[in-house]
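Q: Below, each chain spelled out in residue letters.
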Amino acid sequence: MKKNVAIFFILAVARQIFGQTESSHVSGRVVDANGQPLTYANVQIIGFSQGDATNADGDYYFTTTLNGVHKLRASMLGFESVERTVRLRPGDTTRVDFILQETLITLQEATVTASAFTANDDGKGVTLRRMEVVTTPGAAADIFLTIKTFPGLSMMDEGSGLFVRGGDVTETVTLLDQATVAHPYKYESPTGGVFGTISPFLVKGTFFSSGGFSARYGNALSGVLALESEGMPEQTNLNLNLGLAAVSLGANAVVAHDKLGVRFSGNQSFTDVMFRLNGRHDEFTQTPSGKDGNLSLIIPYSNTGQFKLFNFLASNRIGVHVDLPSLRAVYTGDERNALHNLQWSEVLANRWLIKSSLSLNRYRNKSELGNLNFRQEDATYKWRTDVEARLSRRWQIRFGGEVEEAANRFNGRTPRGSVMDPNAPTYAFDEKFSARRFGGYSEIETQISRRVLISLGLRADHHTLAAQTVSDPRLSLRYELSKTANLRVSWGIYHQFPQPFEFNAVSGNPGLKAQHAQHLIVGYEFNRETTQVRIEGYHKNYRRLVLSDAVQNFTNHGAGEASGVDFFVKYGGFLKTPIHGWASYSFLQSRRLQARDLGFSPTGERLYFFEKARSGFDITHNFTIVAKLQIFPFLNVGCTYRYATGRPITPIVGAIKDDEFEFFTPIEGPVNSERLPNFQRLDANLSYYHPYGRNNFAVFYLSVANLLDRDNVLDYDYSLDYSVRTPRRSNYRRFIYFGVTTTLAK
Amino acid sequence: MIRKILFVCWLGILLSLPAQAQSPDSLIAQGKRMLALGVERWDVDAMQNARLHFERLLESKHRQALLHYYLGYSYQQLNIFFRYNPASTKADKEMAEKFVDAGIQHLEKAVQLDKKFAEAYALLGSMYGEKIGANPLLGMTLGPKSGMYMDKARELSPENPRVVYLDAIGKNFTPPMFGGGKDKAVSGLYHATELFSKWQSPDPLAPDWGHAECYAWLGNLLAEQKKMAEARTAFEKSLALRPDYGWVKYEMLPKLDAAAK
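Chains A and B, in that order, are what the protein sequence lines are.
Residues 1 to 746 (the working numbering) are what the first sequence spells out, left to right.
Residues 1001 to 1261 (the working numbering) are what the second sequence spells out, left to right.
One chain only, chain B, in its complex shape:
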């Protein structure tokens, strides 16, 4: 009888554990969802809360490389928000620069902890591209660094859609004399969309963002090249993946419609 009581108590303790503390993985998944929601709705509050959530999770010492990656991604999205938001003040834009630096620090930590983390290398290369975007004079010194991280990402995971997508975005902002250009960006984005549709994430916590953004960028560049029908198709595919995608729904598509008239 005593054995039975002890067994029941032990089971009780075991089952009550999730109530005491969520598992670290579920907390990462929670942060990931929060960030995805923030990005999708262009909700800075959700993005900031996701960032702070990941910062708190660092204290747990669990999957540190991944947490640093998500912190880097949070900072990247916050930078985009403050840099491209028409309502941003000068102080917001200065803050955006600090976000880029903070993001780079976290991503460098991620690749230091996991030297085969292709996703982190690609995002790091992209973040250095953001720094060049903010100050083109830095291109001479940071351009090779950005390219180097992107090369490393491609070398580690050539079929990863986010690697190909970020590389294509980088090419869009790189002058042809440095190996970039719009045409290369468009072909890269087409390739990335194919990879996105086939990509099976090996880990539920691994990054899975970018598919809708990839179509949005593709549509944007195709519109610039006056390929309106293809651009519309790309935007529609983007909205099919993310119906509330504000950038496409309220900015790109109306602009395309206006140009068609």
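Just chain A, with the same shape it has in the complex:
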């Protein structure tokens, strides 16, 4: 018993000794920048749970058993955290006061670069939600056509081609999950295509930049469209769409207890009935039809790691009467497009996000017109890895690399003279080209002060055919004027290599080098819960653009500039406010050194005259307004109005007859000295959302394109001897489409 009492006594004394000697006290006050006390701020020792919350006077006090040098942090929702180093001594009371500044920006949430638009369903600073893309009148649920309602995009025609700030459609690159989508358009044409290949229903996030984009994107002079495919399905469901011209079926399934996700979709388009209903059927020998399918497997193998296999296949056919003054023929087109991409993503050490992808994009197009028979086969292989990490609250780093191999093959037969001459002799051709590009970049984004974010990047690209390495510095700065307004400046050098076939020794020039552009953008943005306003001015300098040449076929002598102002205002959001929509206006002036075709010399040489004039993409005024209104619960009406200055055209002022082949070679007047009539179009739609069952719903929709039946002129066609010019008119006179889409959830 005595022994037990002794041990108890010793232990009690020991506890007192060890327990008491190590306590110290921390107290202080937390105030805002105006000296006002902050209530419910948290003050704690970093790495430990010891601390206290401030009271109504901003005071805190706590006792800690920690001694020595520690870091103390004060934090509060809506304010910048502040850290202070303190030395805690047993028995002492340490006073530490804090002044917290209101948070204006956070590195993770702010877009530093100018001219960026995003479309997805989460995240801050999102310009458009996905449902807004789907419900935009006149956009046919197409990502590209919706993006064309943004400022900086020129309305060159009614297709989906992205002509960005005075740049050609080829100057914008499209990516999906890091893979290059070399052919992003359906029913391709020199101005892009009719629709985008990738459906918005396959896409979770969209990032579009009309300039000043960061170093992670290369080989693009004007714009970037980066898409991210859907990830792991949240639930199993089935989607069915039945429209006047298409039927589609999609399914998403979660398999094996979140270990495997499967996404499938199939779409068959048949426009026969639609064109009959709209009185345009006779224009076709084969109404546009196509099918596409997508199968994605998502395998999350851990909380942070995932494999995603994305497969997309599409085929489209068309046969259309070409009824020109010079030629009556049939154009047929048959294209196939396939994209396979395996992407791996992982977060290492809770900090490093790594994404790596291997992709293949195959494209084949067979087209015939008169005595032209043309077949194109492209394959783009790519490996790309991106790494990013947040090094601290104020520093973020990104770097990565890519290898891209582009192979082109062209074969068929082509007339020696004009395609318009049905009797012109032809010659066969079969040519293959391939080029490899190696790229790498690194970029640092940092918040250098409470108001300023800076992104500094450098990328380098090497091209095997050009035998050239180029380096592109990029810089963006964001200055926060207030919680709702900021100024942004972006500057950068951009390079884009010519297409492989342009290096051909016979019809091209093996000595071609990368084309060059320099962007400078200054913008102001105001962003509040339901209202977004953006004004940007920009200037682009082009150098070493590829230009037609009489002697060398192509040279790098092209140059030019584009300047303009973009204005964008948006109010509300789909299913967020009863009325929502946006308006965009762009003013653009674009001039380039261009080749004027003067026909052939008496000795048979092609004659070009080079002159600096407005570029073919110089659409001075572009105005778009999109408005959507919920008139009753679940019943929505919307309209889109578009106005654009007529596209510049080069008039044909004469023609030289070739006696040998009986065709005429046109003589061009001053380059782009005339314009088409101004373009206008009003589209409208009506949709009714009908829920049934627990998580099921159906959407009935009716849309009318070109509601006012405006007869837009898209180009001019010429007679065989170029003496008669007739306007080529829009295919979209008043045009009706309707259908229903339903989702059945498990």
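Derived by calculation from the structure, the hints in this document are not laboratory data.
Predicted, not measured: the structure shown is a model, and the values here were computed from it.
Glycine included, C-beta positions come from ideal geometry on N, C-alpha and C.
The reader is advised that the hints may include incorrect statements.
List time: in silico SDA-like cross-link candidates among lysine to any residue, alpha-carbon distance up to 25 Å [said to hold, decoys possible]: (1) B/Lys1093 - A/Gln36; (2) A/Lys259 - B/Asp1151; (3) B/Lys1098 - A/Ser81; (4) B/Lys1109 - B/Ala1029; (5) B/Lys1093 - A/Leu100; (6) A/Lys576 - B/Leu1138; (7) A/Lys204 - B/Leu1142; (8) A/Lys259 - B/Lys1116; (9) A/Lys483 - A/Ile444; (10) B/Lys1145 - A/Thr530; (11) B/Lys1145 - A/Pro633; (12) B/Lys1145 - A/Gly573; (13) A/Lys576 - B/Met1140; (14) B/Lys1090 - A/Pro578; (15) B/Lys1145 - A/Ile299; (16) B/Lys1131 - A/Asn237; (17) A/Lys204 - B/Ala1102; (18) A/Lys71 - B/Glu1059; (19) B/Lys1061 - A/Val82; (20) B/Lys1115 - A/Pro300; (21) B/Lys1131 - A/Tyr571; (22) B/Lys1098 - A/Gln532.
Simulated DEER-style distance windows between Cβ atoms [claimed, not checked]: (23) B/Ala1036 - A/Trp383: 49 to 57 Å; (24) B/Lys1098 - A/Tyr301: 34 to 42 Å; (25) A/Thr94 - B/Ala1258: 50 to 58 Å; (26) A/Glu102 - B/Asp1025: 31 to 39 Å; (27) B/Asp1045 - A/Arg393: 24 to 32 Å; (28) B/Lys1061 - A/Asp97: 24 to 32 Å; (29) A/Pro190 - B/Lys1061: 57 to 65 Å; (30) B/Pro1136 - A/Gly78: 22 to 30 Å; (31) A/Arg84 - B/Ala1036: 31 to 39 Å; (32) A/Glu102 - B/Ala1036: 30 to 38 Å.
Computed from the model, here is a short list of chain B residues facing chain A with C-beta under 8 Å [unchecked claim]: (33) Gln1048; (34) Leu1052; (35) Ser1060; (36) Gln1112; (37) Lys1115; (38) Gly1179.
Put chain B on the given structure of chain A with help from the hints.
A: Chain B in isolation, oriented as in the chain A frame:
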């Protein structure tokens, strides 16, 4: 002798540890008590302090999923306080919306860390329901999400009373065309009260709230259906569990008495 002295010193250090730092579990239990008290007394100060207490505990890296759950629950209760408090200003109501978003973030983190955390799924589904409540236009996009999380919770723990209770509350605010309705809510709440009385929490730190609230909501809905006697019974049971339950004591019961007169 030296061995004995060393042994005594070692024991001394060991016993003195609780004095230096409370165990992480006891700190969670402390936060849980603080939050329960705040909810019971409708004391925003206690709720805020509980929230900040849980935020500090995140630094300890201990039972992170549970801490995120309690942060989500704290934000849910703060949202309720500021949204339904008659004294709330416009700024308070805007703050309530931010609390919902913050709560959702924590609950999503909780289910990310513990994919079988039925309680967190149910609360997450309920929080999305709160967002729809604040802006019914969001129902089309968030309704299925809310339902999905609730389904997941039911699938993981069909007999958990809080899962059934939150599901029933959700049904109360969901139109019949979407599978909700008052009748379904009432039958769900009855079922939840049975489950509450049988529920044995497997973990002392696991959530154990909701029994009194369940009776309060049941009484409220029964009163709406003019079943006054049943409503009174439900309110009384609620007060038996939580004698100082202000919502029932000062609002529901007096209203019931007034209606009876």
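Q: State the violated hints by number, sorted upward, taking the hints as numbered earlier in the document.
A: The structure breaks none of the hints.
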